[in-house]
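Trainee: Chain by chain, the residues:
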Amino acid sequence: MKRFIIFLLTALLLLSTAYIPAFAAEERGILLGEGQSHTYIVTAETDGEYKLSIEYMAMPGRQISPQVDVTVSGNGESFSRRIELTRFWKDGTTADRFDTDVKNNEIVPDQVEQTLWQTMSVGFNKTTGGAAVALKKGEYRVDITVAAESVRIDGVSLAATSVLSYKEYLKGVGDSSSAATEIFTEAELTSGKSHSSIIPTYDRSNYSVSPNFYDRISLNIIGGTCFSEDGQWIEWEIEAPESALYSLSFRYYQNGIRGLGVGRSILVDGQLPYAELGSVLFPYCQNFKDLTPSDDEGNPYLIYLEKGVHTLRLQVSVTHIEAETLKLEGLVQECNKMYREIVEVTGTAPDVYRDYYLDTEIPGLIPFFEDAVTRLTDIAKAIDENAIDDGSETSVLYEMVRVLEKFIKRPDKIAEALNDYKTQIDSLASTMLTLKSQPLVLDYITLTPENLQREGTASNFFTNLIFRLKLFLHSFVSDYGTYTKGSKGQIDVWVNSGDLLSSGTASGRDQMQIIRRLSDSGFTTNTGVGIKLSLVSAGESLIKAILADRGPDVALFVDETTIANLAIRGAIADMTGMEGYKDARSEYPDSAFIAYTFGKGVYAWPITQNYSMMFYRTDIFGELGLSAPNTWDEFNRTIQKLAQHNLQVGVGAGQDTFEMFLLQAGGNIYTDDLKGSGLKEPQAVEAFTRWTNLFIKQGIPLAYDFLNRFRTGEMPLAISGYTTYNQLVALAPEITGQWEMVPIPGTYDEQGNLNRTQSSNVTGAIIVSDTDNLEGSYEFIKWWASSEVQTPFGIQSEAILGKAARYNTANTVAFSKMNWTTEESHQLLTQWASVTDIPQTGASYYVARCITNAYRRAVYDYENVRDVIYRYSDDIDREIKRKLEQIQW
Amino acid sequence: MNKRKSTSGFWGRYGASYFLLGWWLILFLVFTVIPIIAAVILSFTNFDMVNMPKFVGISNYVTLLLDDEIFIKSLSNTLFYAVVTGPLGYIMSFVVAWMISETGRTVRSVLTLIFYAPSLAGNVYMIWMYIFSGDSYGILNSVLMRLGLITAPLQWLTDPAYNSYVVIIVVLWMSMGAGFLSFVAGFQQLNKELFEAGAIDGIRNRWQELWHITLPQMVPQLLIGAVLTISSSFAIGAQNAQLTGNPSTDYSTHTLLLHMSDYGYARFEMGYASTIAVVLFAIMVTTWAVINRALRSMSND
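If you're matching them up, the sequences are chains A and B in order. Take the first sequence: its letters are residues 747 to 1635, numbered as in the numbering used here. Take the second sequence: its letters are residues 168 to 468, numbered as in the numbering used here.
It cannot be assumed that every hint is accurate.
Said to hold, decoys possible - Result set (BS3-like, lysine-lysine): computed pairs, CA atoms no more than 27 angstroms apart in a straight line:
| hint | chain 1 | residue 1 | chain 2 | residue 2 |
| --- | --- | --- | --- | --- |
| 1 | A | K1155 | A | K1127 |
| 2 | B | K221 | A | K1290 |
| 3 | A | K1387 | A | K1443 |
| 4 | A | K883 | A | K872 |
| 5 | A | K836 | A | K1421 |
| 6 | A | K883 | A | K797 |
| 7 | A | K1627 | B | K359 |
| 8 | A | K1627 | A | K1426 |
| 9 | A | K1073 | A | K1627 |
| 10 | B | K221 | A | K1627 |
| 11 | A | K1627 | A | K1346 |
| 12 | B | K221 | A | K1421 |
Think of the hints as simulated: they come from the structure by calculation, not from any bench.
Given the sequences, and given the hints that come with them, work out the whole structure.
Mentor: Right, here's the structure in full:
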């Protein structure tokens, strides 16, 4: 325990040092850490529209961009907005294109941050977003508070937004000579980008995607969902052969938004050349297509480039839709609030035969609906006017209008159609997300001198057919496992895709590539042990493979049950035999090893550890005057208070929830020798009663979809695994800032300490005991388990796969380097300190089903809880006895 | 007349036939006969899938038949599902095939595809998860709550009071399998002359026609349909596990197949699992023999 506290302190220390980076290079500007603020005085020279121009340097820290809250006040007005000050990332490649693996496949490069001064010019009004804000002549006060990360700021000013028109621009440019060649740039070969998640990827569906080979992977495109959020940008270096006027052409693919197209602004050498390039729309398409930004008559817009090197930047622009999405966002929130008010009267499952007199019960109801209809119609009209193509984006808005008009006409039918209303709010929210997101995939960019005619590229059907055929035939001979040879033999490593999938990430292939990259440079070169990596859905297949003697040497991300079953049967090696076992373990909490410890041996190395946190909606709790419950008694009272407003609370019906009550009451699943059930103990009976009473007496729902009910606010409080955080961040951005994640409720013990103990779910790394290379396998585990590997693995996974893939590492040092904010990491560490685990036995599978059955008997059939738990406890005892005859643990 | 060159000796005479048969025979031996023999041998051992099997005599059989409540429970569930869904599914397949055969060619193909689709498309029964979801927004629950028939959501899939019926509905929905296809095909091959002859001989209605002319002509299809129905109704399990959980609440929808995989993969007792497999195999063979005899006697009428 003492050691664990030391880990935590170390972790906190490391965490805090992350904010004060030792940076000695250029002492320019003012360094602001998280939570620090500074005030600037700026002057608006004349009445007019202004943006805020900030010169800044994002300080090295974590992957996320620094966020600042900006307030501009003066002349009796005040505006505020949160602004993201993007970092500057580069591909860390050594080769001309990208580094390749042994099979000549290009691999995604590491993302390297460049610390440099950048200028950002943005709107500062929350309700108008990035658009310029009208100010009167005079002095204004600008308060900048850093909300995340640290940043050095040197100068803040108001920039008038008068950009030249295209005509004015053409008059001002220098002499254009004729150039003989086009400038061609592969879009994947960038010189900079705003986020480390904007990484090159590949498209092998058509030979014309440049470059493409049937026998190896070439990273030939960039963008997609990773290049879709406001403020993201990609920059390329281009070299103009002559000083001339050039037209731009983008080979792109965009199947995200049909009617409106996606917007980008085009910046040359960091400047917007003229207003027309401020919002270039890329229409919807099914295949790669060329777009040359042109005027209404079809004449391409030209840009003047002096001979030499320039940068071309494409930045996500939402100006064509931002006003509408912001209005929609406000409306969705108000609709949700009204939904909760209706639910307060009717409950979530209203009696359809009853008239609730909702129009008199909620005085503002009908006026709100009338207002909403007008606003929705206006927004829909505005969107339709901006559309460049036929699209169906506004159909959801009109559908909501139809529902609301029905409500206005027949208020007595509102309760009956309440579910339609809820569904429509969900659709509106998701439409809003679709509209905001501007995904664009780029293949290559060409700049054609004014005097040349650009030759378009069209894909030939037959050439493509042959390409696809070759690709297909090649798939029979290509070996998908990747390997490196080492001087000291090779070990076979299986990466279990099952767990990676359940943690919310799309494919295990990317993680495998990261492991590959890390191990090539950090493991094989140092130890001489080669690695063959394969992505396998482990579990049953791992057991079968071991049985057939075709198993791996090492398997990663294996679940607790499989490990226990293999360990007690002697099929996996003991980690305590590893050289440097103690040192390696010092980075891990003891709780992560409990499920892997059998007797004196430890049979796996923890990789991820998941435990529950409590999620609650701060806005709803604020409205109702509630605060997050700290104890189970408070939790029960909160359930009742929320129930008065017909709001629900979500608690899992699974064994892990029971274990919270059980461990906090001082009980355990097994007796101390693990040879009998501990469920007959009074603490266990009490824990079981408290758990089932939540369902029987408090009537919380037995089955629910957390994500959807949490975003509508119908379920403002729930206990769920902490990786739910990732889902909420990725899938419910409209409630950002309206919820918090805090430790689970606890129980006061006799000394008056709050006990928040809970069990956890740990995946681990194992070494198969009949490996030919035990030394190499130990070396690999030691390497893999260290924070030097766990940290980059977690950071790169999140960089490549997005926020939804934040890595729930069991390594405390690596955890402190993940992209959690100070507050979040404080909450997680508080809970983590009280996390323990239930030991595994050869009868664990039976305990799980007995607890489920006992729960259902008690909750569905209202059987006496004591009888039920006693009966199943006897069953468990019998099974343990039976199992012990076959095998010892 | 060209007389075939006579060849002497066994291989000379039958070699070609055995050569042609051999490929299938090898596959049959490797993938059917040997596994069955292996299962029979393993059923007399304790085998934890990691260490070598230990011979234990007939103790597995003794435990199974005398000391395994869940085996009895899953046997009775299996028989219940087999008895309810087997004949019902069989009759449904036949009746639907009969009705389809009355329609024109295009309509027939479309209808055949529609009825066959559920068993064709792997795990589509998962859509029943949404219908029978225990959430108050689950399809059936929300409809019933709207109608005012229930006030709180019912746990269709996990409450032993309902989940057996859910399984039966889903199994029946999927019962238009290969047997159904063979019925559809069988109806196309009926000899039309026999119907004319029957009409002259005094067949008065469609039922007589069905019983005396159609059915006797379709014995091969009926037999294959019966075999397929039996094997599929004894092999009910995957749907139960997916829909009602594995194992279901108090083993309420546990079948022999699930019992077997439970011992094999959850409890690591492959020897005992093999015992269950052998017993299941014996039950299926016996049932098939009885049905075979019944259908043969019908065709001899």
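Trainee: Which of the numbered hints above does this structure break?
Mentor: Hints 5, 7, 9 contradicted; others consistent.
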